[in-house]
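Student: Working from the sequences, and respecting the hints, build out all of it.
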Amino acid sequence: MDNLIIEEERDVFFIPSVKFDASTGVCEIAGESYLEDTVNFYKKLLSWLKEYKDLKKPLTFNFKLTYFNTSSSKGILDIMKLLKEFQNGTGATVSWHYPEDDEDNLEEAEDFIADTGLKMNLISY
Amino acid sequence: MLFEDTSIAYNQPQEVFSYNGPMSHTIISELGDFIKVWLSDDEKSSKKVFAILIELLQNASYYSKSSITVHENQEHGVGRFILSHDQDFFYMECGNLVSTSTASKLDQAIEHINSLDHQALRKYKREQRDKPREEESKGAGIGLIQVALLSSNPLQASFTPKGNEYFFYSNTIRINKQKANTLEKI
Numbered sequence: 001m002d003n004l005i006i007e008e009e010r011d012v013f014f015i016p017s018v019k020f021d022a023s024t025g026v027c028e029i030a031g032e033s034y035l036e037d038t039v040n041f042y043k044k045l046l047s048w049l050k051e052y053k054d055l056k057k058p059l060t061f062n063f064k065l066t067y068f069n070t071s072s073s074k075g076i077l078d079i080m081k082l083l084k085e086f087q088n089g090t091g092a093t094v095s096w097h098y099p100e101d102d103e104d105n106l107e108e109a110e111d112f113i114a115d116t117g118l119k120m121n122l123i124s125y
Numbered sequence: 001m002l003f004e005d006t007s008i009a010y011n012q013p014q015e016v017f018s019y020n021g022p023m024s025h026t027i028i029s030e031l032g033d034f035i036k037v038w039l040s041d042d043e044k045s046s047k048k049v050f051a052i053l054i055e056l057l058q059n060a061s062y063y064s065k066s067s068i069t070v071h072e073n074q075e076h077g078v079g080r081f082i083l084s085h086d087q088d089f090f091y092m093e094c095g096n097l098v099s100t101s102t103a104s105k106l107d108q109a110i111e112h113i114n115s116l117d118h119q120a121l122r123k124y125k126r127e128q129r130d131k132p133r134e135e136e137s138k139g140a141g142i143g144l145i146q147v148a149l150l151s152s153n154p155l156q157a158s159f160t161p162k163g164n165e166y167f168f169y170s171n172t173i174r175i176n177k178q179k180a181n182t183l184e185k186i
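Sequence lines, in order, name chains A and B. All residue numbers for the first sequence refer to the numbering used here, where the first residue is 1 and numbers rise by one. All residue numbers for the second sequence refer to the numbering used here, where the first residue is 1 and numbers rise by one.
Hint data in this document are derived by calculation from the structure and do not stem from the laboratory. Glycine included, C-beta positions come from ideal geometry on N, C-alpha and C. Everything hinted at is true.
If you want the footprint, here are the derived chain A segments under chain B, 3+ residues with CB under 8 Å: (1) 32–44; (2) 73–85; (3) 93–107; (4) 110–121.
Partial pick of chain B residues on the chain A-facing surface, computed with a CB cut under 7 Å: (5) H25; (6) T26; (7) S29; (8) I54; (9) R122; (10) R126; (11) R129; (12) I142; (13) G143; (14) Q146.
Tutor: This is the structure in structure tokens:
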């Protein structure tokens, strides 16, 4: 299975960096998410994760998002719902990294947890 | 559009810039970049003002009843945006034309948002976010809730009749300054 790598881009839209590694099972999405085609961007991430899920291997997922618009937040929610399925099955360690003085960012993470029942480490930096 | 006016009294809101025209992706991006530079020494305010700006302008771009074709096949809603500030607050006023039925829906939605405290707003946002994306809607439909959450102040909406079918809908967002000294900058 191929890795999924998307380079960070900050132009008219902000594309977060995506590093999904199929051999180590370590996945990361980082940066800012404000996209021209939010639906298809997150669909691509979801379909990679669904394919990886069939391998029944362990997964480590790190969120390091500093900004995302409300449209992106629906895509992030879909990813978290799938990560919850991982946790109910073969297992997944999920962490949310946020700048220590950014309460809005922390609240977003808490709300995603409340929505999905996902076990997610909240790590300030 | 940027101007300095030192004659304005210290306690009167001072306009930073105003824009009236198509809310194209490029314009939204330029205005967002401006916020980041303007508030570069106050990261907390910068993040809030930037996030609110994006939601407001995207709403105007998607839902305005008046639109302009900027490039071939690229139609963008026309809106008005004014950024001002005083010693304690940033003010972001965003307006666009809406149909009578949309005006009444918006009026009810804003009244409901303003009736909720912070925790209730978070819950309301989660409920709205979990709904499937409406086919017509390009956004998540929760932009206004997010704006209210980030600003921590009531939304101040007004609806001015334009003929029989339309209203000019305007919403002013007040954001408490996280750092007091930003006024001296301009």
